[in-house]
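Protein chains in written order, with my numbering: chain E, 3 to 243; chain X, 3 to 243; chain S, 545 to 805; chain Y, 545 to 805.
Don't read these hints as lab results, they were simulated from the structure.
Please note that a few of the clues may not be correct.
Examples of chain Y residues lying across from chain S (beta carbon under 7 Å, computed) [said to hold, decoys possible]:
#	residue
1	Glu-553
2	Ala-556
3	Phe-662
4	Asn-682
5	Thr-691
Idealized CB from N, CA, C, for every residue including glycine.
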Amino acid sequence: MSQNSNLEFTPAEYMIASMARILKDAENAFMGVASNLPFFAIWLAKQLYNPELTWLNIPGKINPLPTKPPKSTVDFQLLKSSSASITLANIFDMSARGELDVAFLSGVQIDKFGNFNLSHIPDGDKIKIQFTGGAGSALICATTKRVIFWRTKHDKRAFVDKCAVNTATGNVYKVVSPLCVFSKKDGVLNLESINPDSSFEEVSNNTGFPISNAPFTEGPTEDELKLIRDFDKEGIRDIEF
Amino acid sequence: MSQNSNLEFTPAEYMIASMARILKDAENAFMGVASNLPFFAIWLAKQLYNPELTWLNIPGKINPLPTKPPKSTVDFQLLKSSSASITLANIFDMSARGELDVAFLSGVQIDKFGNFNLSHIPDGDKIKIQFTGGAGSALICATTKRVIFWRTKHDKRAFVDKCAVNTATGNVYKVVSPLCVFSKKDGVLNLESINPDSSFEEVSNNTGFPISNAPFTEGPTEDELKLIRDFDKEGIRDIEF
Amino acid sequence: MNKIKSLQESAALVKDGQRLAIGGLLLQRTPSAFIRELARQGKKNLKVMKTAANYDFDLLCFADCVEEITAGFVSFEAEFGLAPNFRRSVENEKVHFNENSCYTVISSLRAAAFGVPFMPIADLKESYLVSKFETVSNPYGNEQTLTVPAIYPDWAVIHVQKSDEQGNAIIYGPVFEDLIMAQAAKKIILTTEKIVSEQEIQKDIDLAIIPGFKVAAVVEIPQGAKPASCYPFYDYSAEQVKEYLSIKNKTELNNYLQQQT
Amino acid sequence: MNKIKSLQESAALVKDGQRLAIGGLLLQRTPSAFIRELARQGKKNLKVMKTAANYDFDLLCFADCVEEITAGFVSFEAEFGLAPNFRRSVENEKVHFNENSCYTVISSLRAAAFGVPFMPIADLKESYLVSKFETVSNPYGNEQTLTVPAIYPDWAVIHVQKSDEQGNAIIYGPVFEDLIMAQAAKKIILTTEKIVSEQEIQKDIDLAIIPGFKVAAVVEIPQGAKPASCYPFYDYSAEQVKEYLSIKNKTELNNYLQQQT
């Protein structure tokens with residue numbers, strides 16, 4: 003339970019609220035493949051903080067109005083009552099032109115420089131463990147103005163000193179995990195705030211690079227929690243936990 | 003009147019029939035801007051010789067079924083009952099990929115090498131006479147397999163020894179005028195056949211480069227003339243004569 | 545953000561010397577009313593681009609609004625003849641005609657839309673246009689590859705059949721280069737036959753290919769393409785084109801501009 | 545020309561070792577029935593490409609049909625987990641995974657579609673993918689520009705909602721990379737929910753973006769994308785995806801393939 007408020011919240015809710023707040027001043031936000039929590043963050047930001055935010059996603063129906071949370075990148079919910087159409091290729095072009103403001107990316111490893119690995123773990127010239135591939139991340143991370151890296155598991159296998167392979171590098175702005183929020187400053191990740199349900203010790207013990215202490219994140223507010231819970235009655239936000 | 007048959011026909015009808023016959027074995031044919039006679043040629047070829055010919059045009063509605071002849075490149079007749087959609091950009095891409103079989107181009111000057119000028123007449127570094135610009139011809143002539151040059155006026159100002167400017171050069175296959183048909187062989191235009199209403203002398207006197215004699219073209223057939231005349235009751239085919 | 549603007553307000557967004565990509569092609573879906581307003585406001589030194597133009601660029605030449613034209617073709621067709629003011633302006637060196645192929649206009653817009661500085665193109669053989677462009681060596685082979693530079697319009701000006709208040713817009717029939725112009729340009733000005741509800745856009749959502757986020761102005765102008773056509777609502781007007789072509793001097797042009805939307 | 549073919553006949557057009565671009569994305573509009581038929585026919589050494597794949601490429605790996613995969617992402621999502629046969633095949637070096645960004649897949653297809661040997665792309669900074677590609681000097685400036693090579697598929701295999709007998713086809717909802725694949729490929733194989741009349745295509749002519757002229761085969765397969773979805777007709781089937789993912793060995797895979805369309 004939170005140390006800073008009497009509201010209870012789950013790690014998913016902590017991450018959703020933390021990511022949604024980053025979008026308060028965003029012009030547009032893109033979520034790529036397999037982006038369960040970014041969906042909720044963008045949806046919440048549009049409800050509560052930034053109704054004019056332009057929401058871009060893989061199916062390319064802009065600003066849809068889903069009636070319940072999608073279970074996948076290509077869920078029909080993402081095609082509902084949208085405002086216009088764009089191709090995935092043209093979303094990448096927007097990023098290449100510098101017109102994409104915020105994008106959410108995830109990966110298996112992230113290191114202290116904000117590089118991330120969605121490719122593989124090498125074994126000499128061979129591939130020891132094959133991951134999913136980085137999807138659009140190499141372009142997005144290099145050209146979208148503010149990249150938010152999110153990961154549902156925070157441990158030393160994920161938060162490493164140096165990635166085995168740099169799939170994507172560049173404009174990492176913040177990193178959101180169930181335990182904390184990092185921001186990138188002077189080329190390295192700095193702890194920005196800690197989940198009030200966690201502690202500096204827990205974050206530090208699960209992070210593969212040195213960090214300095216930071217204040218607690220403001221936990222999800224009553225408004226945030228009510229909106230999320232009313233919308234997601236099936237608990238789709240917890241699918242990756 | 004024709005010397006080879008007892009059918010009367012106009013210069014427009016001669017040109018239409020001559021161009022339509024070239025399309026007998028064509029896979030697809032593109033007509034660009036301001037292509038009045040090529041329209042009739044393609045339409046006639048599809049009626050009479052090659053129903054499977056794919057007809058591509060600027061508005062990008064493929065194989066339309068106009069109920070009467072269009073008056074311009076963007077006439078709504080070219081949008082009627084078509085079979086699929088393609089953008090102009092993607093028609094150019096087809097040509098660049100080598101997938102465009104036949105294209106019709108016109109211009110102000112054509113020379114004995116099959117170059118043509120739709121740009122201007124220079125006066126030193128300045129422009130003495132500005133023409134329309136070559137539209138897509140520079141690409142089309144260089145990359146479409148067989149280019150048919152057509153021109154409704156056959157005189158020494160049009161058929162020149164050497165163009166003042168080469169707007170487009172390359173794969174010229176045949177040249178069709180009211181007086182005759184040329185074909186390109188060994189890098190130069192050769193007289194292939196003469197309008198039965200004309201003569202070698204008339205062609206020669208109106209051509210700015212040396213030519214050798216050739217047989218008469220088979221004039222438009224009864225079938226060809228009937229189809230053209232039934233379809234074009236307003237005489238749109240004569241608009242440039 | 546309220547994007548609904550009058551014709552006057554929207555044309556006032558365009559500054560002298562800016563580069564405009566103009567939607568439609570020849571006499572189809574031309575943003576004609578907007579072009580006339582640019583002329584009424586006496587814009588100067590505009591750089592305009594399009595694959596194939598007539599009424600729009602000829603009028604801007606007539607009104608001395610243009611410094612440079614990048615296009616493949618500027619002319620009316622058989623029914624009407626050449627574009628007289630374009631010709632005169634180029635021959636008198638009042639306007640620089642940066643002659644392109646329609647294809648190279650598209651390729652330059654693609655480079656801008658893709659956020660890359662140049663675009664490889666097909667070989668144009670001995671066309672004199674080649675002298676305007678640079679070649680690079682294909683890094684995956686040995687051959688020389690012709691290229692064109694990116695051209696970045698400040699504005700794409702597009703006439704559509706339907707737009708909502710936020711500039712989410714539907715184009716029916718041929719799209720021509722309008723989509724790639726919208727992508728390549730910094731911002732978009734839309735003139736529309738009708739401003740409709742979001743629900744009306746949703747009915748044809750797969751054709752709503754202009755998203756509103758780069759649209760700076762939405763101007764409702766029924767018949768805004770006239771004398772050009774706007775499929776399927778109205779065809780081009782031969783009479784109105786001839787009326788324009790009959791204008792002999794600046795005084796008559798000013799009268800014409802005052803009489804029209 | 546009669547293009548209507550059975551699933552067997554159309555898959556027989558594909559020869560061992562050829563390169564296929566596969567339409568749809570993840571579990572949407574996948575030409576799944578065609579993929580299964582490739583597996584049943586025991587194709588070998590195929591080179592397949594797509595931005596983001598799962599069922600299709602995983603199954604082709606499982607059935608040992610693939611030599612090379614060019615893609616940005618190969619995985620199921622949270623509901624189902626990773627693509628187990630893809631992973632195993634790559635880790636065992638039975639399949640070469642030519643990892644790309646989804647963006648570079650698109651850019652390589654664009655180069656092929658535009659008939660040019662390479663495509664300039666945005667800088668990817670220090671991504672390891674950069675080591676796979678060459679840079680050229682922008683001939684209109686001084687900066688180095690990253691590029692990708694054209695990739696030419698022998699076939700684009702696309703599942704559509706409606707096609708006529710000549711392969712003029714409509715895609716409803718997201719098009720993904722299908723159009724650019726159709727342009728880049730030498731020939732196209734279409735599987736379609738329904739073969740419809742030309743008149744039915746004409747009703748949505750602006751969405752009839754696949755012209756028939758490069759289509760070599762039209763195969764009517766209702767539910768042909770299953771277990772993937774085909775908007776707006778049916779959603780993906782979680783149950784059927786799980787059924788596939790429960791297959792443990794080649795014997796079970798063969799049974800599965802025999803039971804399915």
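The hints, checked one at a time:
no., hint, in the structure
1, Glu-553, "violated, 31 Å"
2, Ala-556, "violated, 33 Å"
3, Phe-662, "holds, 6 Å"
4, Asn-682, "holds, 4 Å"
5, Thr-691, "holds, 6 Å"
In this structure, the hints that do not hold are numbers 1 and 2, in rising order.
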